Amino acid sequence: MTDARVGAAVPAAAPGHPDLPDGPWSPGEALLVATDLVKSYGPVQAVQGVSFQCNPGEVLALVGENGAGKSTVAKMLAGAVTPTSGSIAVGGQPLAYGSVRQSRQSGVRCAFQELALVPDWTVAENLSLPDGAPYRGFSQKKSVVAAAELLEAFDLPHIDPRATVGTLSLADRQLVEIARALAGRPKLLILDEASSALTPPGVAWLFQRIRELTAEGGSVIYVSHRLGEIAEIADRGAVLRDGKVAGEFTRGSWTDDQLISLMAGREAARFFPDPPARTTDATALSVADLRSEGVHGIDLSLGAGEILGIGGLQGHGQAELLRALFGAAPATADSWTVAGRAVSGTTPVRSVRHGVGYVPEDRKREGLALEMSVGENLLVPWFKAYQLGGRPRLSRERGWIDGILGALSVHTRGPNELSGALSGGNQQKLVFGRWMNRSRTVILLHDPTRGIDVRAKQELYEAIVDLAKQGVGIIWFSTEVEELVHVCHRVVVLYQGTVIDELTGVRLTGDAVVGASMGLRAAA
Amino acid sequence: MSVAAPARLPRSAGITRLRREGAIAPITAFAVFFLVYVIINPELLTRFQLQTASNLVVPLALVALGQLLVVLVGGIDISIGAIMSLCNVVFATQLEHVPVPLAILLAIGVGLACGLFNGLLVAYGGLPAIAVTLASAFIFGSLAREVLDRPGGGITKAIYLATSGELLPYLPVSLVWLSVVAVLLWLLLQRTALGRHIYGVGSNMESVRAAGLDARLTKLLAFGLAGMVTSLGAMMLAASTVTGDPRSGDAYLLSSIAAVALAGAAFTGGRGSIIGTVLAACTLGLIGNLLFFAGVNSYWQYVISALIIFTVVGLPVVWGKVAFAVKGRRP
Chain A
2 MTDARVGAAV PAAAPGHPDL PDGPWSPGEA LLVATDLVKS YGPVQAVQGV SFQCNPGEVL
62 ALVGENGAGK STVAKMLAGA VTPTSGSIAV GGQPLAYGSV RQSRQSGVRC AFQELALVPD
122 WTVAENLSLP DGAPYRGFSQ KKSVVAAAEL LEAFDLPHID PRATVGTLSL ADRQLVEIAR
182 ALAGRPKLLI LDEASSALTP PGVAWLFQRI RELTAEGGSV IYVSHRLGEI AEIADRGAVL
242 RDGKVAGEFT RGSWTDDQLI SLMAGREAAR FFPDPPARTT DATALSVADL RSEGVHGIDL
302 SLGAGEILGI GGLQGHGQAE LLRALFGAAP ATADSWTVAG RAVSGTTPVR SVRHGVGYVP
362 EDRKREGLAL EMSVGENLLV PWFKAYQLGG RPRLSRERGW IDGILGALSV HTRGPNELSG
422 ALSGGNQQKL VFGRWMNRSR TVILLHDPTR GIDVRAKQEL YEAIVDLAKQ GVGIIWFSTE
482 VEELVHVCHR VVVLYQGTVI DELTGVRLTG DAVVGASMGL RAAA
Chain B
119 MSVAAPARLP RSAGITRLRR EGAIAPITAF AVFFLVYVII NPELLTRFQL QTASNLVVPL
179 ALVALGQLLV VLVGGIDISI GAIMSLCNVV FATQLEHVPV PLAILLAIGV GLACGLFNGL
239 LVAYGGLPAI AVTLASAFIF GSLAREVLDR PGGGITKAIY LATSGELLPY LPVSLVWLSV
299 VAVLLWLLLQ RTALGRHIYG VGSNMESVRA AGLDARLTKL LAFGLAGMVT SLGAMMLAAS
359 TVTGDPRSGD AYLLSSIAAV ALAGAAFTGG RGSIIGTVLA ACTLGLIGNL LFFAGVNSYW
419 QYVISALIIF TVVGLPVVWG KVAFAVKGRR P
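In order, the protein sequences belong to chains A and B. Residue numbers are given in our numbering: position 444 of the first sequence equals residue 445, and the series is strictly consecutive. Residue numbers are given in our numbering: position 91 of the second sequence equals residue 209, and the series is strictly consecutive.
For reference, chain A alone in the conformation it holds in the complex (with noise of 0.2 Å):
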């Protein structure tokens, strides 16, 4: 455990906690000790003696922003990295580290955010092939039967066991992930930010395994961003902040507040900024009838500085939708423009040049080119062939690569560093960051947001306000209905490839987002 001194940081670590060494639980009832982790990637110490207990039953939130260690912790756990000193028991016994196989065979089970599931195996093999001898026969037809099972027992009978992982959308995918550690009827589960895609029903759906779970005596450390989540789910908490425990917290004795302060290590409250007020009636992108693969006839008008939500459950057209606009999937209108000119048949290239820009859904896949740098990454969409590169083109960028570094505090050694080596926040600020004053009609975010921390997402929240102020159009699909519901002018929520509802003014509320997004249209 911590010591006290630091567990006092928190109202919750009053004396009589449960988890302080003179507390009624010993080390020897908790299902889950470890002690003093350290991990170092050469000079850098992700995680600098981190300890923590948890006991059968209990379901222990690991909160911090990027880069606190969370993941390096969690991976731990799970057996894919070797700390570099330190010790994790379980049930008494000594974890094996370095192996995850070694760790699911002492129970330990874990559903990663970066996603382990192989996208060209079927749901069936991803559920089915992990446990047991590489030797040994293998049947489709029992994998199915079996898988078919294990969904139907978790209650997911929309996913169909047969279908191939990759075309599954993230949030099944997700559902997956989490079905399949949970299969093994682990002691410890471990979800590692596992809910950051679901929606609403899903996160309720996963709240619903996870009692289920510890009412079994099963314990669950749960990584999230999400506070919402944690205030509901949480027993207990450990925060991080830069590889140590910065703190403690037991359920209900904590605010939003207190726990991002804690997080950030200064005072900081969470608040979404208010739309700007608009200063022109300009059109910026309208389109009548956008039909796409996913989309089925979609009529959007967007106004210069508005900002306009997308709301639904995932795969109802959301990704899809950006994704037409941008040109990167094809797609076919019955009218079509951007800032007045009419498009047809667009690709991302004469997307770029008609003045719109895009914030794809995975940063890493689609966002950047993690082996080069950040300043390559930056200019990306304004390197033409026959234009000069390398580093006399950085140092002739240099003012505006450091002005969008400086504008949304980018965490980096500088414009040569690899964009690979960034936080998974700050990679997604580079995405952003590359739209920054160049002069955008339309910029399209697909849920910028997603599985960052709070300062971070603060800070971008910030920048697509200002973008706004400027007269930049923008359409922002958020799987996080606060969002859309606090920063956005109007929301439309899509719902099976088609708009279902357009919310504005008074209607525009959480419930309302929520009602439509399952389908139903809210009375006006």
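No lab work stands behind these hints: they were computed from the structure. It should be emphasised that the depicted structure is a prediction, and the values quoted were computed from it without experimental measurement. Incorrect hints may appear among the rest.
[To be verified] Distance condition first, Cα-Cα at most 30 Å in a straight line; then the derived DSSO-like pairs of lysine-lysine:
| id | chain 1 | residue 1 | chain 2 | residue 2 |
| --- | --- | --- | --- | --- |
| 1 | A | Lys365 | B | Lys439 |
| 2 | A | Lys245 | A | Lys365 |
| 3 | A | Lys188 | A | Lys245 |
| 4 | A | Lys385 | B | Lys275 |
| 5 | A | Lys143 | A | Lys188 |
| 6 | A | Lys143 | A | Lys245 |
[As the list claims (entries may be wrong)] Reference excerpt, derived from the structure (chain B facing chain A, CB under 10 Å, subset only):
| id | residue |
| --- | --- |
| 7 | Gly318 |
| 8 | Phe385 |
| 9 | Arg389 |
[Stated by the list, open to error] Here chain B is said to cover these stretches of chain A; the calculated rule only asks that three of the stretch's residues, wherever they fall, bring their Cβ under 8 Å from a Cβ of chain B:
| id | segment |
| --- | --- |
| 10 | 117-126 |
| 11 | 137-147 |
Even for Gly, the Cβ is constructed at its ideal location relative to N, Cα and C.
The hints should help you fit chain B onto chain A, whose structure is shown.
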């Protein structure tokens, strides 16, 4: 969860898998090719011609299967021609000294050793497959010339008869051996966990590792297995030509890669089928013969092979675009 589960048409799992593994196009291509061949040269179905044709394609098909295994785990084997030459000469020379079964085991063992050598460097050394196998190709090629520096060896009539001759009524025996190997390999890839791991490693190595599976061992075994299958191809070649030749494998490097490409396999790994590869190898192997019977200059066979690859690989892409354009217009 998601309220609307998209309606799914019930479809045979086997067909779905073939489609996913890219096998539909090469199967269709082979059917068309075979039809054209039989129309131009109905004599193909006579005993003699069928046997000559199968003796021609079976070594290529086996080597292509070896290449497929490596491609499935996301690698590529440039040394496959050299492994083939080496096994070929080992088999041919050992027949002069040891009993036949031992010579076969020795050749297979050499293939396995070559594959494991590559696999160790790639899977455990973390080196790129293309560099490792390019370098080892030189080693294996030199070894082959060291074992036997000119065509020769002790292959007997009996071995020819058992592998490539008229052992069975009508059916060319080489096709039987190919089928046995292909079916065993198919069982391994589709009906054992190891086989599915091979697909998984090629699809996404990190995910396989995060799921608690031994990705490196899987890669190593795939390379070893590829070496063994290649050695079978080498022996079939030695037997059907009744000679061991240290350069015999050279021509098979590019053909095996072409066959795997034609089979619709993904060179990033994780996708590719046995049946598609076998039929693609048959198509490529017989083009020369077809042109001969059609009275076309045989130099054109490479151009025709290239056109077939373009067509078969390109058709699914074009098909996707056309299908979308048709669907997109519909209101």
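Hints versus structure:
no.: 1; hint: Lys365(A) <-> Lys439(B); in the structure: holds, 27 Å
no.: 2; hint: Lys245(A) <-> Lys365(A); in the structure: holds, 27 Å
no.: 3; hint: Lys188(A) <-> Lys245(A); in the structure: holds, 25 Å
no.: 4; hint: Lys385(A) <-> Lys275(B); in the structure: violated, 66 Å
no.: 5; hint: Lys143(A) <-> Lys188(A); in the structure: holds, 26 Å
no.: 6; hint: Lys143(A) <-> Lys245(A); in the structure: violated, 46 Å
no.: 7; hint: Gly318; in the structure: holds, 4 Å
no.: 8; hint: Phe385; in the structure: violated, 14 Å
no.: 9; hint: Arg389; in the structure: holds, 6 Å
no.: 10; hint: 117-126; in the structure: holds (count 7)
no.: 11; hint: 137-147; in the structure: holds (count 7)
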